[in-house]
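So the protein lines, in turn, are chains A and B. With positions in the first sequence counted from 1, the corresponding number in our numbering is that position plus 113. With positions in the second sequence counted from 1, the corresponding number in our numbering is that position plus 2.
Keep in mind the hints are simulated off the structure, nothing from the lab. Possibly wrong hints are sitting among the right ones.
[As the list claims (entries may be wrong)] With a Cα cut of at most 25 Å, we get these calculated BS3-like pairs of lysine-lysine:
hint : chain 1 : residue 1 : chain 2 : residue 2
1    : A       : K288      : B       : K83
2    : B       : K133      : A       : K157
3    : A       : K247      : B       : K83
Take a look at the letters that make up each chain.
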Amino acid sequence: MNYLLRGIGVLAAVGTISMLAFSLPASEARGDGGDDLMPRPANKNWQQECSSCHLAYPPSLLPKASWQRLMNGLDQHFGENAGLDPATQADILRFLEANAADNGGSRMGKRVMQRLDAKATPLRITETAWFVRKHDDVPRTAWSRKSVGSAANCAACHRQAEQGVFDDDTVRIPK
Amino acid sequence: MIKRLAWAGLVLLSAHAAADTPASLMARYAQQAGVATSALSPARGEAFYRSEHSGKNGATQSCASCHTANPKQAGQTRVGKRIEPLAPSANPQRFTDAAKVEKWFRRNCMDVLQRECSAQEKGDFVAWLSKGV
């Protein structure tokens with residue numbers, strides 16, 4: 114019994130110290146957004162529900178008002194029914210709002226907002242001026258390739274998109 | 003003390019694990035439809051899976067449009083993301099969570115049929131897919 118308690122105590126101490134030692138520099142290195150767009154801590158419902166059909170798109174790519182419009186129209190989500198129960202829907206919306214382009218304080222969000230009309234509430238990330246400009250060197254034919262499908266399929270080219278990494282050197286456009 | 007902790011863990015785990023199975027879902031849908039479980043028809047389920055309906059944009063669609071003609075194979079969402087196989091023989095996770103099953107019936111029936119599916123249709127569907135297909 115005493116050994117067990119002592120064991121737990123040692124584990125807890127080591128765990129706390131290593132968490133303190135590693136978590137601070139790690140989050141600093143990531144900076145305020147950096148090029149890693151995965152919000153932390155991520156929201157379980159956001160991750161699970163959004164990614165059952167497509168990549169869980171980073172919240173910092175659209176403003177708050179866009180996410181509100183989008184989440185209030187899930188029954189007709191780009192031609193498909195993506196309805197959720199009210200509790201899950203509200204939970205995901207809260208997360209999206211908190212990390213939205215105009216709310217999360219991320220560098221990425223600022224870049225998106227710089228090129229967005231103040232009153233604009235686009236529903237498609239691909240329609241934002243930031244996205245269009247960022248992808249202007251991608252040949253038009255690439256988007257419609259069968260291996261890509263559509264511009265909504267980030268992970269077709271951004272091989273680490275699911276981890277929130279969209280750096281140029283992780284891009285490979287499939288043939 | 004360790005024993006007690008282990009027991010507590012076990013109890014938590016078993017309470018957490020979804021208790022649903024294809025058989026329990028079939029029983030539930032049969033009851034909702036007011037028929038015996040034995041009255042569910044795998045053949046009708048298969049026909050339902052393959053039947054084509056004219057969609058909102060004029061194109062015909064069926065369950066197979068996204069889940070492919072062979073439900074043991076992986077399908078693809080419209081955006082190009084992989085859909086794990088529907089048949090429990092190829093994907094044991096299927097039909098083990100009633101809430102999830104209901105969520106997807108509601109969404110996909112509205113998309114493909116533009117109405118909700120009946121309990122009988124759902125029961126036939128699970129009966130076919132869980133037969134081993």
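Hints, verified against the model:
no. : hint            : in the structure
1   : K288/A / K83/B  : holds (17 Å)
2   : K133/B / K157/A : violated (33 Å)
3   : K247/A / K83/B  : holds (23 Å)
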